[in-house]
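There are 4 protein chains.
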Amino acid sequence: MTPSIDAYRQVRAATLRLVDGLSDADLTPQSAEFASPGKWHLAHTTWFFEQFVLAAFGTNYRRFDERFGFLFNSYYNAVGARHERPRRGLLTRPTLAEVLAYRAHVDAAMADLLGTRVPAQAGTLVELGLHHEQQHQELILTDLLHLFAQNPLRPAVRVVGAEAAPAAAGPLRWVAFDGGNVETGHAGEAFAFDNEQPRHVIALRPFRLASRPVTNREWIAFIEAGGYADPQLWLSDGWDTVQSQRWQAPLYWETADDGARVQMTLAGLQPLALDAPVSHVSFFEADAYARWAGKRLPTEFEWERAARDLPVEGNFVEQGAHAPRAAAASTGLQQMFGDVWEWTASPYVAYPGFRTAPGAVGEYNGKFMNGQYVLRGGSCASPRSHLRASYRNFFQPGQRWQFSGLRLAEDA
Amino acid sequence: MTPSIDAYRQVRAATLRLVDGLSDADLTPQSAEFASPGKWHLAHTTWFFEQFVLAAFGTNYRRFDERFGFLFNSYYNAVGARHERPRRGLLTRPTLAEVLAYRAHVDAAMADLLGTRVPAQAGTLVELGLHHEQQHQELILTDLLHLFAQNPLRPAVRVVGAEAAPAAAGPLRWVAFDGGNVETGHAGEAFAFDNEQPRHVIALRPFRLASRPVTNREWIAFIEAGGYADPQLWLSDGWDTVQSQRWQAPLYWETADDGARVQMTLAGLQPLALDAPVSHVSFFEADAYARWAGKRLPTEFEWERAARDLPVEGNFVEQGAHAPRAAAASTGLQQMFGDVWEWTASPYVAYPGFRTAPGAVGEYNGKFMNGQYVLRGGSCASPRSHLRASYRNFFQPGQRWQFSGLRLAEDA
Amino acid sequence: MTPSIDAYRQVRAATLRLVDGLSDADLTPQSAEFASPGKWHLAHTTWFFEQFVLAAFGTNYRRFDERFGFLFNSYYNAVGARHERPRRGLLTRPTLAEVLAYRAHVDAAMADLLGTRVPAQAGTLVELGLHHEQQHQELILTDLLHLFAQNPLRPAVRVVGAEAAPAAAGPLRWVAFDGGNVETGHAGEAFAFDNEQPRHVIALRPFRLASRPVTNREWIAFIEAGGYADPQLWLSDGWDTVQSQRWQAPLYWETADDGARVQMTLAGLQPLALDAPVSHVSFFEADAYARWAGKRLPTEFEWERAARDLPVEGNFVEQGAHAPRAAAASTGLQQMFGDVWEWTASPYVAYPGFRTAPGAVGEYNGKFMNGQYVLRGGSCASPRSHLRASYRNFFQPGQRWQFSGLRLAEDA
Amino acid sequence: MTPSIDAYRQVRAATLRLVDGLSDADLTPQSAEFASPGKWHLAHTTWFFEQFVLAAFGTNYRRFDERFGFLFNSYYNAVGARHERPRRGLLTRPTLAEVLAYRAHVDAAMADLLGTRVPAQAGTLVELGLHHEQQHQELILTDLLHLFAQNPLRPAVRVVGAEAAPAAAGPLRWVAFDGGNVETGHAGEAFAFDNEQPRHVIALRPFRLASRPVTNREWIAFIEAGGYADPQLWLSDGWDTVQSQRWQAPLYWETADDGARVQMTLAGLQPLALDAPVSHVSFFEADAYARWAGKRLPTEFEWERAARDLPVEGNFVEQGAHAPRAAAASTGLQQMFGDVWEWTASPYVAYPGFRTAPGAVGEYNGKFMNGQYVLRGGSCASPRSHLRASYRNFFQPGQRWQFSGLRLAEDA
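Chains as they are written, first to last, in the working numbering: chain A, -7 to 404; chain U, -7 to 404; chain Z, -7 to 404; chain X, -7 to 404.
Hints listed in this document are in silico derivations from the structure and should not be mistaken for laboratory results. Accuracy of the hints is not assured; some may be wrong.
Pairs involving identical chains hold if they fit within one copy or between any two copies, as the list cannot separate such chains.
[Claimed, not checked] Simulated pairs of lysine to aspartate or glutamate, EDC-like, Cα-Cα distance not exceeding 20 Å: (1) 287 - 355; (2) 359 - 99; (3) 287 - 186; (4) 359 - 76; (5) 287 - 250; (6) 359 - 232; (7) 287 - 181; (8) 359 - 222; (9) 359 - 249; (10) 359 - 25; (11) 359 - 216; (12) 359 - 402.
Looking at chain A on its own, in the form it has when it is part of the complex:
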């Protein structure tokens, strides 16, 4: 269904709020090959609409700058040549002001277009573009956090208002689910990515899911039990990574001069919130923790089964905390959505009968179905309207710059 002008404007405006108060300099460098500059995100999401909507369906649309296609195409081979990914941080030009003008130029043309009767195919692409932009909203925050964490001054990306004293996480409970054949994947007319489809049957065995994610306090116990020093707990590739990267704790954990555990956050260096879900752990770490705990990670199908009837509520980017928070005392499953993405045991592969769309947008998801694992649920940096129970996020097993944590599972 074609989004309304208002829906379009809301998503686009939300993006700009994330970089409010940051300078052109803050938004220019690239701190790792897997991350991108803030300015690049602002331009790339705009190019998506220009390339796939306006250039295809606009009337008399004139590109803002013919050269931007080369600069801001991320990975679409079908569209043409592009700037090498590891060199995105060298683009001091266009300036931030020029990128904002680019956004305004495209927004104006999009408003014109959306004011007319739009072909269904265009409407679908606008919808895809808005969900695409929401994905980049999350990346803007996690990439900025990574960049600012490289700075020995540990500056804050954002000043976040004082919170109430963090609550204590409730005790971990186990929630049981029956086995049997279940329908998995997206159903219905609402938007979903191609990788959530087709809906199909999975045979599940009975299982139990932890009521909440693993907390920082629990992770400290893993560290203190020598979890990072015992190869028996790790996948072989994980153990190689532990040694070559010298991992001894989640990303962004540090020890202050007084010996206290602190963590780099979007609000700068902060005391570690012991009852909040552990975040910035890799799949390898999540898997090792589960083995140490005598449990396992859930499959993505188990997770989806458990989440399918829950409301999408939780600590999202809209809350403004921009950090995971302790679970409130409750019954049933807690924090299934928001706070931290949850690593599953499932490699990211195609669902049976999966087909990519024809043309360049067919490159959106399908070609990345190798070497990654599925995460479910969304994080404190995800927009609420972007999430659903069938949503499949995915990253390589050694990555940890996202708000990624874990929830334990066990056989019933």
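Given chain A, work out where chains U, Z and X should sit, using these hints.
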């Protein structure tokens, strides 16, 4: 069930036949980090019995050389420190004669042990050790082929007798299978690796399987259609590999001075057998070929469903051809076992309820369940008694030094 | 001799003029490990005065920010730990405004200090600091050029006024010099770096020097004669570099869509000035060119012998062209100073009797006396007052982002 | 002057004696890119005669195997394509027996040729070939030592007879030399490499040279004073190497289980000979040691001045010790020849007026005149007849697998 002395001797003797006629020098270097020297295989398989059987269950067993544990432990962290894998090719000592003496020393002690009433646990480990040695028999051949292929003289590893003129592959037919819940994984008392278990239910959709693997002739069509030059056909990681490795054909394919396609084999450089199954292709290539052909790779569950009632017959190492051969004219599925391992679409992960064995042998399979894909069926370098329908072989998606090919599938 | 306040201010102001009109974003990224961000240069040169002058000799001096020592120490082990060099481009903070405030803070304290009777040792360090800052002035330009050249938009660092039509380079003449023992190295009381001393005797053989540097036009002849494709012309390490870096022309040379040769400059992409000295060539290229031409590079001693009585006149940074220009018609040696640094055949090693200064400033030059070659004369980016006949610049033989060219020599 | 058949045979036979008792396997692998397999040395030195003498001047000479030119050309671009250097260790074929047959084939043809009246140019090339083979004799030993040192079994390359108890090194004395202009470089009609020529004048300042090289005992004092932990002692590139390679002692030094210092040698692991010259140190280490000792390395010109009137006597390969030995009590300079090569402060560059020979042999020395330092004097692995006062050996400053030590110098 504890293997008999005869069974033990047969497997051990088969290993030595594979290196018959090769010198200490031929068996010493290491041509790639993923490969090992022939001499190392001879010693490592021996160490397996020494370490896990004789040292644990032998009476008054004296190790042949206390230092060999360090040299010939492959990857068992629980056993202790070990020689670094990429440096295996620098061990000019022990000499081949010393390694053969090591084998004789261990064989004598094993004969003594197997002549007594052996505890069940020991018997299980002997059985595991024999299957382990069979795996290394295949690796001896593929690693030697890789080493000899690096030599500009392209020497033959073995002189293989003249074959009858290769047959033409029959036309490709499609064999249909119903969907529904099927039991998957090993059942019964006979030996199987831990990764083939537990048996569990998979929900399948109806599918069709090609009657035979893709042939070299068909692969040439893929090349000539520009398959290696079109990013739209490839997974993103696959395309990166095509470019960085400059792949333009399967491994070992070359062009002779007269323009003819030739292939490095265990018998040296040979004309490409057009009707034989394509071999030495990576998962990335197999996946791209299937996409180009408008088909897909089967899942390992589909493959196992199709193979479960077939006899384990085909072109194995015992035939002595040591190369894939064209399928004989036949009905039904052909070449499901032997000739080439068949890449499946399934990442190599644990079956539901999978548990590793306690102790060092628990490292045998489980810790490698990341970043690899399952292959099924066995090859021209596999011992026949080593294979079964539930057998799961696995390699990284970019590897191609095994006898690895593919069979197409499609939704019914 | 202690510099005056005016002298201090002039050098400091000249630095700021070089970044006039550039944004914080322009001055933040780092385009290569060998280059540094503009903002880093502004801060590092300031830190040099803070660390070596104000902290040691100031009265009640308070550091602007205690953490800047870690951020802006370049390579002085004796001073303490420091930010890793390859990560300088990730410092979006301090902001440009903060760095300018840092400069003002130090300048004010320096003015106070220089208004008093300064100990001789402090005066020497102020003088060193100003020459140090002049070195970084040249690096600011060459590092910005490198950064902007990575941008597919090829933006101009500076708008340089239209020049008169470039003159034609005069014909190349040979100027002869006698052999014999000559004094080499700095003499007298004026400032010189430690590496120009002690003055000592070198036995020279008679030689001839080209009247002017090799031009772009002459370099094109080298290219068209296959100079980049003939290993016989190159040092072994040079040939390896040609192949691994795929060199086919000097750095920054490109071919326009219409086939014309163009060059990235501080004024953006410009037509190649055929009669200007070739620039941005490595030692390896200079050496190969000389071999191709049947000549050789001069030693640094020959160069100094030829330059010792010449005035320091030429095309320097003060002229504002910021690019090499064709030699004016003249007699004798032309362009010995300015336009392009001239690679010599001399490895950068200590003069006999060389001693480093005690303490951290002893690390200034001495520890780099390995693996580099001496360049002489100065460039279009060098401040005139920074240069003299005994001045030794030095870079690794594969580097080419400086304004580096060559002048031929031959035995008499 | 054309060597006699006897001279030819003596050198060729000496080569074979060095590999006596070693197997094909021992002579096949390559333990580092800078080293070569023993079998490769045997073949390459043979190819040198085949390519440059027999193919050019032989009558009806038939190559042993046309493909050997590709395999055994080391680095002569003018001769044609060649096997990549880092892959020399993968050549299990030709076998050692075939390589020995190759040697016999070429030796027979050389005997025929040398039995005739040989053109002067051919005679010069035969002489060059014999000196070339002598260089490889030393490399055979140092490369074998490196290979065997990688083996955790630390096997001996050779069994060396029990020596008399090692003598104590005499006290270090200083020998003074006047300054002034001295002739440097080879003079006379006897053989010398092109890089020792032309003879030319160097202006020297008065200097003193240590009477003997630095000993292992003295090096221990350097280690215990923290020499490997103090960046102030090191060149910048040297310090980077210390850290990246984790150097804490010379190559091949180890600590035995009982805490004693031991050293891997051609005779296996041996107690460290405290009074023998330190060996297997890099230029970086030699330079740091000299700085720590308050001295410096001599230039190659100072060394040659001091050695020019000394007889070529010492501990060479012919002595059969194959390890440096303590200096005998004596007066004057000791151990200038033999025992260990002595690093000098001189980069390896061309002498004034140096010209390479035309054709492929012009690649012998000249193209390596970059990034290396000169060593003088010869070692316990050098043939005595190969050495002279003007001889220039050269290696990269971080290399230490040769028998390389140092002798201190100071200004007079």
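Right, here's what the structure says about each hint:
1. When the C-alpha separation of residue 287 and residue 355 is checked against a cutoff of 20 Å, the pair qualifies only between copies, where the shortest distance is 18 Å, while the shortest distance within a copy is 36 Å.
2. With identical chains, the CA atoms of residue 359 and residue 99 are never at most 20 Å apart, being 29 Å at best within one copy and 51 Å at best between copies.
3. In the homo-oligomer, the alpha carbons of residue 287 and residue 186 lie at most 20 Å apart only across protomers (19 Å), although the nearest pairing inside one protomer, at 32 Å, exceeds that limit.
4. For the identical chains of this complex, residue 359 and residue 76 are intra-copy neighbours only, at 18 Å inside a copy versus 35 Å across copies, given an alpha-carbon limit of 20 Å.
5. When the C-alpha separation of residue 287 and residue 250 is checked against a cutoff of 20 Å, the pair qualifies neither within a copy, at 35 Å, nor between copies, at 45 Å.
6. In the homo-oligomer, the alpha carbons of residue 359 and residue 232 lie at most 20 Å apart only across protomers (11 Å), although the nearest pairing inside one protomer, at 26 Å, exceeds that limit.
7. When the C-alpha separation of residue 287 and residue 181 is checked against a cutoff of 20 Å, the pair qualifies neither within a copy, at 37 Å, nor between copies, at 28 Å.
8. In the homo-oligomer, the alpha carbons of residue 359 and residue 222 lie at most 20 Å apart only across protomers (13 Å), although the nearest pairing inside one protomer, at 35 Å, exceeds that limit.
9. For the homomeric pair residue 359 and residue 249, neither the shortest alpha-carbon distance inside one copy (46 Å) nor that between copies (34 Å) is at most 20 Å.
10. When the C-alpha separation of residue 359 and residue 25 is checked against a cutoff of 20 Å, the pair qualifies only within one copy, where the shortest distance is 19 Å, while the shortest distance between copies is 28 Å.
11. Neither within a single protomer nor between protomers do residue 359 and residue 216 lie at most 20 Å apart by alpha-carbon distance, with minima of 40 Å and 23 Å respectively.
12. Taking identical chains as interchangeable, the C-alpha atoms of residue 359 and residue 402 lie at most 20 Å apart only when they sit on different chains, with a minimum of 19 Å there against 32 Å within one chain.
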